[in-house]
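Colleague: Using the sequences provided together with the hints, build the complete structure.
Protein chains in written order, with our numbering: chain S, 1 to 92; chain B, 93 to 184; chain E, 185 to 276; chain H, 277 to 368; chain D, 369 to 460; chain A, 461 to 552; chain G, 553 to 644; chain U, 645 to 736; chain W, 737 to 828; chain L, 829 to 920.
Hints listed in this document are in silico derivations from the structure and should not be mistaken for laboratory results.
Just to be clear, a hint being listed does not mean it is correct.
The list that follows gives simulated cross-link-like pairs (lysine-lysine, BS3-like), each with its CA atoms no further than 27 Å apart [unchecked claim]:
id	chain 1	residue 1	chain 2	residue 2
1	G	Lys591	G	Lys580
2	E	Lys223	E	Lys212
3	A	Lys499	A	Lys482
4	W	Lys758	L	Lys852
5	A	Lys484	H	Lys298
6	U	Lys668	U	Lys683
7	W	Lys758	W	Lys775
8	A	Lys499	A	Lys484
9	S	Lys24	L	Lys852
10	D	Lys392	E	Lys208
11	A	Lys499	D	Lys407
12	G	Lys576	U	Lys666
13	G	Lys591	W	Lys775
14	E	Lys223	E	Lys206
15	L	Lys867	L	Lys852
16	E	Lys208	B	Lys116
17	S	Lys22	H	Lys298
18	L	Lys850	L	Lys867
19	B	Lys116	S	Lys39
20	D	Lys392	G	Lys576
21	U	Lys666	G	Lys574
22	D	Lys407	D	Lys396
23	W	Lys760	A	Lys482
24	B	Lys114	U	Lys666
25	G	Lys576	G	Lys591
26	B	Lys114	U	Lys668
27	U	Lys683	U	Lys672
28	E	Lys208	D	Lys390
29	A	Lys499	H	Lys300
30	B	Lys116	U	Lys668
31	B	Lys131	B	Lys114
32	E	Lys206	B	Lys116
33	L	Lys867	L	Lys856
34	D	Lys392	D	Lys407
35	B	Lys114	E	Lys206
Take a look at the letters that make up each chain.
There are 10 protein chains.
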Amino acid sequence: MLFLAQMDVTIPHGIDPDELAKLKEAEKQRAQEIQRSGKWPHLWRVAGRYANVSVFDVDSVDELHELLSSLPMFPFLDVTVTPLSRHPSALA
Amino acid sequence: MLFLAQMDVTIPHGIDPDELAKLKEAEKQRAQEIQRSGKWPHLWRVAGRYANVSVFDVDSVDELHELLSSLPMFPFLDVTVTPLSRHPSALA
Amino acid sequence: MLFLAQMDVTIPHGIDPDELAKLKEAEKQRAQEIQRSGKWPHLWRVAGRYANVSVFDVDSVDELHELLSSLPMFPFLDVTVTPLSRHPSALA
Amino acid sequence: MLFLAQMDVTIPHGIDPDELAKLKEAEKQRAQEIQRSGKWPHLWRVAGRYANVSVFDVDSVDELHELLSSLPMFPFLDVTVTPLSRHPSALA
Amino acid sequence: MLFLAQMDVTIPHGIDPDELAKLKEAEKQRAQEIQRSGKWPHLWRVAGRYANVSVFDVDSVDELHELLSSLPMFPFLDVTVTPLSRHPSALA
Amino acid sequence: MLFLAQMDVTIPHGIDPDELAKLKEAEKQRAQEIQRSGKWPHLWRVAGRYANVSVFDVDSVDELHELLSSLPMFPFLDVTVTPLSRHPSALA
Amino acid sequence: MLFLAQMDVTIPHGIDPDELAKLKEAEKQRAQEIQRSGKWPHLWRVAGRYANVSVFDVDSVDELHELLSSLPMFPFLDVTVTPLSRHPSALA
Amino acid sequence: MLFLAQMDVTIPHGIDPDELAKLKEAEKQRAQEIQRSGKWPHLWRVAGRYANVSVFDVDSVDELHELLSSLPMFPFLDVTVTPLSRHPSALA
Amino acid sequence: MLFLAQMDVTIPHGIDPDELAKLKEAEKQRAQEIQRSGKWPHLWRVAGRYANVSVFDVDSVDELHELLSSLPMFPFLDVTVTPLSRHPSALA
Amino acid sequence: MLFLAQMDVTIPHGIDPDELAKLKEAEKQRAQEIQRSGKWPHLWRVAGRYANVSVFDVDSVDELHELLSSLPMFPFLDVTVTPLSRHPSALA
Numbered sequence: 001m002l003f004l005a006q007m008d009v010t011i012p013h014g015i016d017p018d019e020l021a022k023l024k025e026a027e028k029q030r031a032q033e034i035q036r037s038g039k040w041p042h043l044w045r046v047a048g049r050y051a052n053v054s055v056f057d058v059d060s061v062d063e064l065h066e067l068l069s070s071l072p073m074f075p076f077l078d079v080t081v082t083p084l085s086r087h088p089s090a091l092a
Numbered sequence: 093m094l095f096l097a098q099m100d101v102t103i104p105h106g107i108d109p110d111e112l113a114k115l116k117e118a119e120k121q122r123a124q125e126i127q128r129s130g131k132w133p134h135l136w137r138v139a140g141r142y143a144n145v146s147v148f149d150v151d152s153v154d155e156l157h158e159l160l161s162s163l164p165m166f167p168f169l170d171v172t173v174t175p176l177s178r179h180p181s182a183l184a
Numbered sequence: 185m186l187f188l189a190q191m192d193v194t195i196p197h198g199i200d201p202d203e204l205a206k207l208k209e210a211e212k213q214r215a216q217e218i219q220r221s222g223k224w225p226h227l228w229r230v231a232g233r234y235a236n237v238s239v240f241d242v243d244s245v246d247e248l249h250e251l252l253s254s255l256p257m258f259p260f261l262d263v264t265v266t267p268l269s270r271h272p273s274a275l276a
Numbered sequence: 277m278l279f280l281a282q283m284d285v286t287i288p289h290g291i292d293p294d295e296l297a298k299l300k301e302a303e304k305q306r307a308q309e310i311q312r313s314g315k316w317p318h319l320w321r322v323a324g325r326y327a328n329v330s331v332f333d334v335d336s337v338d339e340l341h342e343l344l345s346s347l348p349m350f351p352f353l354d355v356t357v358t359p360l361s362r363h364p365s366a367l368a
Numbered sequence: 369m370l371f372l373a374q375m376d377v378t379i380p381h382g383i384d385p386d387e388l389a390k391l392k393e394a395e396k397q398r399a400q401e402i403q404r405s406g407k408w409p410h411l412w413r414v415a416g417r418y419a420n421v422s423v424f425d426v427d428s429v430d431e432l433h434e435l436l437s438s439l440p441m442f443p444f445l446d447v448t449v450t451p452l453s454r455h456p457s458a459l460a
Numbered sequence: 461m462l463f464l465a466q467m468d469v470t471i472p473h474g475i476d477p478d479e480l481a482k483l484k485e486a487e488k489q490r491a492q493e494i495q496r497s498g499k500w501p502h503l504w505r506v507a508g509r510y511a512n513v514s515v516f517d518v519d520s521v522d523e524l525h526e527l528l529s530s531l532p533m534f535p536f537l538d539v540t541v542t543p544l545s546r547h548p549s550a551l552a
Numbered sequence: 553m554l555f556l557a558q559m560d561v562t563i564p565h566g567i568d569p570d571e572l573a574k575l576k577e578a579e580k581q582r583a584q585e586i587q588r589s590g591k592w593p594h595l596w597r598v599a600g601r602y603a604n605v606s607v608f609d610v611d612s613v614d615e616l617h618e619l620l621s622s623l624p625m626f627p628f629l630d631v632t633v634t635p636l637s638r639h640p641s642a643l644a
Numbered sequence: 645m646l647f648l649a650q651m652d653v654t655i656p657h658g659i660d661p662d663e664l665a666k667l668k669e670a671e672k673q674r675a676q677e678i679q680r681s682g683k684w685p686h687l688w689r690v691a692g693r694y695a696n697v698s699v700f701d702v703d704s705v706d707e708l709h710e711l712l713s714s715l716p717m718f719p720f721l722d723v724t725v726t727p728l729s730r731h732p733s734a735l736a
Numbered sequence: 737m738l739f740l741a742q743m744d745v746t747i748p749h750g751i752d753p754d755e756l757a758k759l760k761e762a763e764k765q766r767a768q769e770i771q772r773s774g775k776w777p778h779l780w781r782v783a784g785r786y787a788n789v790s791v792f793d794v795d796s797v798d799e800l801h802e803l804l805s806s807l808p809m810f811p812f813l814d815v816t817v818t819p820l821s822r823h824p825s826a827l828a
Numbered sequence: 829m830l831f832l833a834q835m836d837v838t839i840p841h842g843i844d845p846d847e848l849a850k851l852k853e854a855e856k857q858r859a860q861e862i863q864r865s866g867k868w869p870h871l872w873r874v875a876g877r878y879a880n881v882s883v884f885d886v887d888s889v890d891e892l893h894e895l896l897s898s899l900p901m902f903p904f905l906d907v908t909v910t911p912l913s914r915h916p917s918a919l920a
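Modeller: Okay, structure coming up:
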């Protein structure tokens with residue numbers, strides 16, 4: 001089951017640079033771990049923005065929320081989720 | 093080069109049903125033709141809406157506009173295009 | 185799996201009154217049929233508006249879209265879907 | 277009398293972690309207390325967001341406001357309330 | 369129990385002038401009937417707009433929706449309802 | 461002359477609790493003083509929000525601005541003003 | 553007493569050209585009549601739009617609404633009114 | 645003096661195809677005439693939309709409005725104008 | 737050449753009160769200086785808001801930007817500029 | 829390949845003035861370096877705002893993102909990117 005997730009990142013001004021660097025590294029590790037599991041098949045950067053467009057492939061909405069909220073930067077993310085279904089004109 | 097295209101369809105009330113049926117069939121043919129060319133790798137329906145989420149893979153912005161405006165239902169589409177670039181955390 | 189669906193209805197001006205009456209009756213029949221199946225557990229009217237707030241309980245996003253697009257008034261609906269997951273503070 | 281309440285939570289950056297942990301625990305206790313009273317029949321998490329969708333069943337608008345403003349995290353909530361009435365197509 | 373109702377009126381272009389005049393007269397009659405019942409204590413025109421700001425005093429949300437949807441011009445109204453509760457600084 | 465004023469309150473995080481308590485008490489005193497003058501005939505709480513809906517009855521726009529900006533919490537208020545005129549269907 | 557009025561004009565497609573020409577001429581006559589009365593001291597075109605920015609000088613909100621709704625094109629206007637008061641830094 | 649103009653085109657459904665074809669041809673002629681005068685130095689299509697991004701170089705706001713409203717398709721355009729000034733970091 | 741400028745002021749919480757008082761005094765001096773030059777013919781307060789509606793009369797867009805950015809409170813202003821042209825119905 | 833980039837700058841209150849001055853100087857240097865490369869052909873200030881309108885000429889979306897995110901003030905920018913294609917009425 002596929003969901004589009006559009007994520008905007010807002011880093012609070014004044015955050016400790018070391019803390020931020022650690023967060024970003026942890027975020028990268030967790031993002032790649034989820035991708036390797038096959039549950040995050042697409043991850044793109046939005047040009048010009050600290051934002052991404054993602055597609056998740058999960059068994060349930062609960063699993064989707066668990067994955068998203070497991071991201072170390074979740075407190076700084078504004079996520080919009082759009083449920084996707086099969087399009088009648090899509091090739092198999 | 094990838095672009096996210098989010099398309100909302102609005103059919104004017106009072107359109108002739110035969111004309112509409114032909115348009116929809118032509119739209120499906122053209123959409124599948126573009127998909128077979130490899131330039132429209134993802135096409136999903138937005139659940140509950142007459143709308144789709146698409147990803148196009150093109151050589152230029154001009155080519156993207158030519159593809160989108162070649163759709164028979166283009167006059168009824170509201171398309172938002174988001175340019176996508178490689179994400180530093182994306183797996184190869 | 186639960187989804188919130190918020191539906192706004194817009195009836196085009198000039199629609200034939202008989203056609204509209206038939207549509208509304210068909211809509212009611214279909215809505216009750218889906219409710220009886222257990223897949224549409226909540227359906228409320230938004231006070232003061234030709235709109236509803238609904239909760240659907242489905243096995244997949246595809247099933248959700250099939251149910252919504254099977255409504256006779258689907259062409260006149262503007263539907264916003266929000267995927268719902270279990271809340272950590274919710275009782276049983 | 278039913279009201280839909282859509283709540284978005286925004287935690288200010290720099291809040292003391294212990295204070296936040298206490299607030300969250302107090303919030304959970306209070307939320308469950310209200311649920312046990314029967315006045316908060318539905319509480320769901322919005323997938324991917326620090327937000328919830330709730331339905332309250334109260335005797336008056338005053339009671340609704342008292343319940344919502346009794347939540348320990350009320351200062352951090354952005355709440356949108358929609359009054360719900362019986363839908364003519366809803367099953368009894 | 370008080371509710372603020374903000375109503376915007378949109379008359380479709382091309383409506384028959386006689387039909388419109390009858391609608392407006394029926395609207396006025398019904399509006400005054402509800403006001404006389406005591407359930408519509410405030411009705412003001414928004415300066416410069418075909419719109420009003422109203423306060424309703426009802427026993428339930430169902431009653432509010434019945435009153436609003438009984439207005440002859442309801443199909444042309446866009447109504448936003450805000451539930452009002454007692455303000456702690458309000459004089460008795 | 462009547463004006464609708466819709467006020468949203470945003471308290472900055474980290475404000476000194478004593479300062480805030482004093483502000484709230486001063487706000488209440490000033491709000492009641494204006495109400496007693498007859499110039500603030502309606503003051504309601506918006507259910508679920510730190511916000512109010514008010515009606516002011518003043519001799520001029522200048523007087524309206526003086527009253528609103530005399531509120532101790534004015535720096536924390538977002539106020540939207542709507543000028544109200546007599547509605548042709550309103551009872552005398 | 554001054555009010556800013558921002559007016560956007562939307563002419564319905566399919567209106568009879570003669571009817572429209574008469575409306576525009578009547579609008580111009582009425583607009584100039586109000587200007588000569590001194591109650592419409594400023595009237596500017598918004599560059600690139602069928603819209604204007606106006607300032608009215610009236611004795612009451614009722615008078616403002618009467619003037620605006622007396623415009624022959626009022627049914628095609630979307631008017632936003634902003635009440636203006638004296639600015640403490642304004643000269644004389 | 646430079647102005648950014650962002651134009652969205654909305655063609656009313658049901659317009660006579662011959663009338664539309666003439667309008668589009670006249671629009672093209674007039675657009676090229678203005679470009680040749682040097683007053684419309686940039687004209688780009690927005691990818692995926694019936695819209696353009698333009699830069700005008702004019703002597704006054706009046707001239708800008710005259711140019712825009714001289715376009716045969718002006719009644720179908722929604723134009724947003726942004727005045728541009730020299731940027732301190734811009735090269736020569 | 738006239739431009740409408742709508743300015744909203746946001747004072748950051750925690751600013752030093754003396755610094756703020758000086759800023760406000762400097763703002764007043766500069767605002768009156770520009771007014772005396774004849775380039776800022778209208779300056780009004782928006783009732784109920786820390787905001788103003790202004791009209792500037794300048795020779796170029798560059799001059800407009802220089803004037804606005806010379807205001808001591810410019811960093812706290814959110815300014816929306818609308819270019820104004822002569823209205824065909826305006827009296828001479 | 830051309831892209832419109834509209835950039836709004838928000839400087840956090842309380843930033844160290846020396847740090848800000850250095851950032852602005854570095855931003856200017858980098859902006860001019862990119863302009864000299866021919867990849868940033870247009871850069872204009874939006875009148876009255878800390879914002880710019882830019883046009884970039886790049887070989888790919890990846891290159892566009894690299895250029896934008898290389899700006900020293902990127903963390904304070906809100907950038908909206910619009911892909912531009914050739915307009916059929918544009919002169920060669």
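Colleague: Output the indices of the hints that this structure fails to meet, ascending.
Modeller: 19 and 29
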